[in-house]
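Q: One letter stands for each residue in the lines below.
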Amino acid sequence: MFSRQPAKFAAAMVAGRLVPGGGAKVGPLALRDVDPPELPGPGWVRVRPRLAGICGSDLATIDGTSSRWFEPIVSFPFTPGHEVVGDLDDGTRVVVVPVLSCVARGIRPVCGPCAEGHINHCERIGFGDLEPGLQCGFCESTGGGWSTLMVAHESQLVPVPAELSDEAAVLIEPTACAAHAASLVHAGQVALIGSGTLGLLTIAALRRARPEADILATAKHPRQRDLAKELGADTVVAPGELDRLVRARTGSMRLDNGQLGGGVEAVVDCVGSAESIAQALRIAAPGGTIHAVGMPGVTTVDLTPLWQREVALKGTYAYERADFDTAAVLVQDLDLGCLLSATYPLRRYEDAIAHAARAGARGAVKIAFDLRSERERDHI
Amino acid sequence: MPRPGFVLDVDRSTPPILFHHGESLKLERLPAGRSRVLYPAEPLEPLDDPDAAIRHALENPLGDSAPLRALLTPGMKLTIAFDDISLPLPPMRRPDVRQRVIEAVLDVVAAAGVDDVHLIAALALHRRMTEAELRHAVGDRVYDAFAPQGLLYNHDAEDPDNLAFIGATPHGEEVEINKRAAESDLIVYVNINLVSMDGGWKSTATGLASYRSLRHHHNVKTMRASRSFMDRHQSELHSSNWRMGEVLKDSGIKVFQIETTLNNDTFGTSGPMSVLQKREWEWTARDRATFIGMKAGLDRLPMKARRKIFNSWLAPYGITSVQAGEVDAVHEVTTDNVFKQQLVTIDGQTDILTMGLPYICPYNVSSIMNPILVMCLGLGYFFNMYRGEPLVREGGVLIMSHPTPWEFHPVHHPSYIDFFEQVLAETTDPIEIESRYEKQYAEDEWYRHLYRTSHAYHGVHPFYMWYWGSHALAHLGKVIIVGGEPRSVRRLGFTPASTLNDALEMASDVVGRHATITHLHNPPIVMADVT
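The listed protein sequences correspond, in order, to chains A and B. Here the first sequence stands for residues 1 to 380, where the numbers follow the numbering used here. Here the second sequence stands for residues 1001 to 1531, where the numbers follow the numbering used here.
A hint or two may mislead.
Some residues of chain B that are not near chain A, with every Cβ distance over 12 angstroms (derived) [claimed, not checked]:
1) Glu1042
2) Leu1062
3) Arg1094
Quick partial rundown of chain B residues pointing at chain A, CB under 7 angstroms, derived from the structure [to be verified]:
4) Glu1332
5) Trp1406
6) Asp1418
7) Glu1445
It should be emphasised that the hints constitute simulated quantities derived from the structure, not laboratory data. Heads up, the beta-carbon is just placed ideally off N, CA and C, and yes, glycines get one too.
Whenever a hint applies, use it, and build me the whole structure from the sequences.
A: Structure follows, in structure tokens:
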């Protein structure tokens, strides 16, 4: 459970800067026995998580690096975990679409974007029958996947095919993010920054969506590099080598300070740091688009190239319902369950978070909690 | 009388052997009873009066050629082409032999009343020479007389307005060379034949050519069929150049070839560097102290300072011969003269070939020996210093000593950086590299711009470096670099080792525990005549 405790939040910020994931030990995150969330109303069901992944946004929250932008659209205390495969009371295995749209919030009529299926653009995420929360896992009313029980609206449920393992199914939610991002990229040549879980899945989704595209990617670690190639990147280089790769691949001219004359049509930033955004701005072609897929925070970056080269910076948040169908197929076809590198019981949450925070360096990709053997799971 | 080169069988009394190690030096003890060392000959006696020898050569040409003066007529168009910064290595003390020859040629030219003269540095796809480098090569007098008028310049293989397509060989090899040279009534080509690979028709057909032409022999197939580059009659690289030479001749282009040879007095007979060309068991106490002091000093200096020291070294080579006239006739004599200095007979191949790579190769004069050049020097040049069979047997192991830093000269070698980061990260297979990547690099506008306006090697040049070693890559069972930066060595596809003993241990996995070892004691340059 993650509570609003400013002093601990400050400690988490310090610890997180010293050691990635360090906020888990000293911050507001704690393992507690709490009452299960109540069903908010008709159409809501109980979900017993089987596996629940640890996402980059979870790590940012735990290490106190996420933006204050989220303050009005989360509600404390909340139970983290939005990458969830779980069981309904009737035994149906489901993946949860964690975005809390108008329908889930009981808002009628639904807002314009929700009416058109763009649940990730919902204009009422702070309103309705639920406490504020942009997704399950950040909302007090719903609970989250890092627990033995949460609640979800029936509109949020995606049945899991019998042939798909839990290990594969837990990758569907992040893959849906990737599929959504890939659906927005319309370029023949794409540079993708970052080969963490989201980066790797976006490579896979891009390759599926655009078989002819020339995909250039960065990877920090050898395992990431191998996976990026396996999943469809044409060329993978170290982060510091991407500028030169883009120059060479696009035949751009290069100025003395390393600035490119041209660049790639689309850059997909799956990191969201000041460095990655700055790099994206350096390598995007005039008139090109940067897709911000990884969650950025408060960053300082020189936007002059954005202006001078008429580059578009486009956010890419979450997904729509249909992206889960695309994701399920991708996970199954590409055996993406193999990206789940390790699971932990809840009692070892500090180890799990430390592992997730340094997954790349440790040769891992996705880390998740395994709730299937939790004693409380069958006693609620 | 200088002593010839020879082969030393290593026994227990053999002292540690000198290994060059980039901008440093090492002494290594080779296993007794199964090791041998191939030593170069001592420097041949230089010509007493090189200027007189040059004048004599111009007046007494070899083969089917009239003396130079007889080939000159007022109003004619004359181009003097000369070898670029890649020769000799290290650069020689002033006056450079090119200066001597060009000054002598210009004396004859002036006497004949020829005033339409251009001088062109025949650099093919190498970097443009700087003013200082040109001055060093041709001398201040020649430079000041021609360069300010734009009559002395670097060849530009990417200038579409100054290239002339001459024709194609029966093999379909396109011949395209410098237009000024092609349209001249006579080309005088001034060579420094540092090794037997240099000179002949390779001078004009390569030095003054374009990428369109060069790609016909600078490719994996040709390089692998050149066994070795140093043995002209067994080298497909040279066969291709000679075919191109026929096309040049048939088109009416006239070449008056001047070839010169140097002795291997690389480090001198006095001063601290002289110890590097003495045989170790003949080192005096003073030599040993000099070596220890030099090594200790070098190892304490930052790399930049070490490079500065080595790059400032100018070799005191002596000129051993000058030949002029018809290309083939000249080249035959020149090659014999090179062999007199460098060729050493050795009995049979070895399982393991060791070599200490120095700080310099043809493509990093005043620059950085980057990892691709390490590969090229070891597998391209040193490996190919043979006649007959390679010194190391097929499936054998090559052990090179070099620090191999992940470091590149950003001005001289921009495409090398990309090649190393992007191409070698994908594959080290020369054939795949050639088919997948060469065209992109060769036609890259930025590289082209840097080659033409800055001092960068052509975009395709790192590919040629890799192809240069392709015969060795196919031949060897393993390549180990002692003391190399591990990540650079691995990127090259080789194996890093901390010490020579570790390397020999690793090699034993490939060639067994009692493998024979041969050390190529180079530089000064030595070439193996493997019988």
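Q: Would the hint on Trp1406(B) stand, with a C-beta cut-off of 7 angstroms toward chain A?
A: violated, 11 angstroms
Q: For Glu1042(B), is the shortest beta carbon distance to chain A beyond 12 angstroms?
A: Label holds. Min Cβ-Cβ 47 angstroms, cutoff 12 angstroms.
Q: A closest beta-carbon separation below 7 angstroms is what the hint needs, so does Asp1418(B) meet it against chain A?
A: Cβ of Asp1418(B) sits 5 angstroms from chain A, so the hint holds.
Q: Let's test the interface hint: is any C-beta of chain A closer than 7 angstroms to that of Glu1445(B)?
A: Constraint on Glu1445(B) satisfied, holds at 6 angstroms.
Q: Confirm or reject the statement that Leu1062(B) sits farther than 12 angstroms, beta carbon to beta carbon, from all of chain A.
A: Holds, since 47 angstroms exceeds 12 angstroms.
Q: Would Arg1094(B) pass as off the interface with chain A, using Cβ distances and a cut of 12 angstroms?
A: At roughly 34 angstroms from the nearest Cβ of chain A, Arg1094(B) sits farther out than 12 angstroms, so the non-interface label holds.
Q: Let's test the interface hint: is any C-beta of chain A closer than 7 angstroms to that of Glu1332(B)?
A: Cβ of Glu1332(B) sits 44 angstroms from chain A, so the hint is violated.
Violated hints, in rising order: 4, 5; the structure is consistent with all others.
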